[in-house]
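A.B. asks: Using the sequences and the hints given, assemble the complete structure.
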Amino acid sequence: MEAISKRMQELIQQPQESLSVELKSWIDPDQPHDISKIVKAALAMRNHGGGYIIIGFDNKTREPLIDDAPLNVRELFHIDKIQGMIAKYSSEAFEVDVQFPQRNGQDFPVINIPTGIKTPVASKKELPSTDRNKPLIDVDTIYVRSLSSNNTPSTTKAQSKDWDRLIEICFDNREADIGRFIRRHLGGVGSEQLNSLATAFAGNLKSEVSTEDLLRAYFNESEKYYEQAVFNRKVELPKRGFREVGLILIGEIPDHSPNQAFLNLLDSSNPNYTGWPVWLDSRQFPANSRPYVNNGAWEALLIDLERSWGSHIDFMRLDPQGKFFLRRALEDDMQEPDRSPRPLTVLDWGLSIIRTAEAIAVGIAFAISMGCLPEKTTLAFGFKWSGLKGRKISSWANPRRVMFHSYSAYQDEVIVFVNVPLDTPLSALSQYVSKVIKPLFETFEGFTLGEDIIEEMTRSLIERRL
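The numbering of the sequence shown is UniProt numbering, which starts it at 1 and goes up by one.
Incorrect hints may appear among the rest.
Unchecked claim - FRET-style restraints, in silico, Cβ to Cβ:
#1 Ala69 to His33: 17 to 27 Å
#2 Ser148 to Pro238: 21 to 31 Å
#3 Asn150 to Asp30: 26 to 36 Å
#4 Pro439 to Asp140: 45 to 55 Å
#5 Asn232 to Ala261: 21 to 31 Å
Stated by the list, open to error - Simulated pairs of lysine-lysine, DSBU-like, Cα-Cα distance not exceeding 30 Å:
#6 Lys37 to Lys6
#7 Lys234 to Lys224
#8 Lys224 to Lys435
#9 Lys124 to Lys37
#10 Lys118 to Lys81
#11 Lys88 to Lys118
#12 Lys60 to Lys157
#13 Lys161 to Lys60
#14 Lys384 to Lys234
#15 Lys438 to Lys224
Hints are computed from structural coordinates only; laboratory data are not their basis. Quick reminder that beta carbons are idealized off the backbone N, C-alpha and C, glycines included.
C.D. replies: Below is the structure:
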């Protein structure tokens with residue numbers, strides 16, 4: 001519950017509306033018109049593969065509407081009420097979760113819609129309005145999250161352009177079931193072999209193309225942009241460890257420009273698996289944190305060392321030619337009250353898995369949104385950790401994961417490369433996460449984790465069960 005609460009807190013501190021996150025102003029879930037808003041958004045999120053409905057925010061300014069908040073928020077949005085209305089109108093039963101993180105002392109409802117559809121979810125019942133010809137909810141209608149002409153997200157009735165993605169999500173979830181079925185009946189076979197077998201069912205096994213030199217050059221180029229951005233900011237940063245992600249799309253990249261529509265596209269397609277997602281949209285942040293165009297790519301430097309709920313040092317580049325870079329200070333070093341360890345002392349293995357899986361999943365979402373052909377595109381990833389020397393592997397972010405031994409790092413930097421076919425289903429991501437994580441963990445005196453642990457944590461992220 002603690003991890004969920006922190007995640008929900010992050011969601012309302014910097015709300016980012018996307019295909020997987022919908023912001024709504026305060027509504028009354030006892031009124032038919034507002035019931036329809038919740039139900040249609042929930043069905044659309046379910047069909048999208050899960051997401052969040054955040055209530056009490058202006059969806060244009062992303063600012064909290066504290067003055068408009070009702071007095072009885074927790075009673076008004078009680079889980080039983082929300083679950084009941086969804087069960088009444090959904091063709092398929094699915095459980096939701098409602099949390100109430102606070103901002104400025106005000107509770108804000110966040111409805112968590114899980115992933116897992118095998119067939120599209122439709123409305124099974126009509127919700128009439130005062131106009132007989134325009135019901136608030138149409139019967140036998142499939143609602144989806146879709147992009148408008150300027151690449152902003154909305155909840156709409158499914159159209160022909162939505163079917164490919166909708167069916168793909170259903171097939172991905174069915175493939176995940178196949179993998180679990182095989183695992184139950186072939187207990188002696190390792191998870192790595194099972195992941196490969198599951199991928200083979202999908203026809204996704206492809207030979208990797210050597211792209212290490214390309215990525216090393218991209219890291220060097222991007223790090224120079226980072227150094228220049230810090231210099232221009234005229235700020236002295238504390239010594240911290242960093243995690244870097246470099247992504248180059250290999251294949252035919254549709255034409256895009258470094259304009260607002262491109263940022264809208266990426267922002268809308270980011271699954272927002274965490275409250276502070278990779279490659280987040282900072283256009284609503286303070287002026288010095290907002291993105292700007294530099295040499296044909298969007299660039300942003302986010303520095304905040306004062307927040308009580310979590311500080312950050314982020315630098316990112318988003319190139320419409322199909323290149324993406326992120327340099328982020330390790331969460332292990334960004335102190336939070338009563339939680340984080342002393343900087344430069346530990347590396348949490350659970351966070352490392354989650355952040356790696358998130359970067360790969362978001363990269364896939366970006367490539368699909370840009371119009372790349374799944375069967376002809378490969379995502380070349382590079383992952384780099386620095387400031388590791390002297391750290392110990394840890395589980396501080398989740399004390400329930402007990403560490404019985406101490407393992408230390410004697411080298412300062414680790415860089416790992418992996419190629420991921422774009423047509424890889426999300427249910428098969430853990431094999432690529434494992435390829436990245438193993439060399440990192442082995443730096444800590446040979447520390448290893450079972451494939452099943454890496455797979456379960458990857459699934460927890462994708463299925464929004466963190």
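A.B. asks: Against this structure, judge whether each hint is valid.
C.D. replies: Structure-based check of each hint:
1. Between Ala69 and His33 the Cβ separation comes to about 19 Å, which falls inside the hinted range of 17 to 27 Å.
2. Separated by about 42 Å at the C-beta atoms, Ser148 and Pro238 break the suggested range of 21 to 31 Å.
3. Asn150 and Asp30 have their C-beta atoms about 34 Å apart, which keeps the hinted 26 to 36 Å range intact.
4. The supplied range of 45 to 55 Å is met by Pro439 and Asp140, whose beta-carbon atoms lie about 51 Å from each other.
5. Evaluation of the 21 to 31 Å hint for Asn232 and Ala261 yields a pass: the beta carbon distance comes to about 27 Å.
6. In summary, the hint linking Lys37 to Lys6 is supported, as the alpha carbons are separated by about 26 Å, within the 30 Å threshold.
7. For the suggested pair Lys234 and Lys224, the alpha carbons sit about 16 Å apart, so the restraint of at most 30 Å is met.
8. Restraint check: the Cα-Cα separation between Lys224 and Lys435 comes to about 27 Å, which is no more than 30 Å; the hinted pair holds.
9. Among the hinted pairs, Lys124 with Lys37 is consistent with the structure: their alpha-carbon atoms are about 16 Å apart, no more than 30 Å.
10. This hinted pair checks out: Lys118 and Lys81 have alpha carbons roughly 25 Å apart, not beyond 30 Å.
11. Between Lys88 and Lys118 the CA atoms are separated by roughly 20 Å; this keeps the pair inside 30 Å, and the hint holds.
12. Between Lys60 and Lys157 the alpha-carbon distance is near 22 Å, which keeps this suggested pair within the 30 Å criterion.
13. Annotation: proposed proximity of Lys161 to Lys60 holds, straight-line Cα distance about 26 Å (limit 30 Å).
14. Distance restraint check for Lys384 and Lys234: the Cα-Cα separation of roughly 25 Å lies within the 30 Å cut-off, and the hinted pair is therefore satisfied.
15. Simply put, Lys438 and Lys224 have alpha-carbon atoms about 28 Å apart, close enough for the 30 Å limit, and the pair holds.
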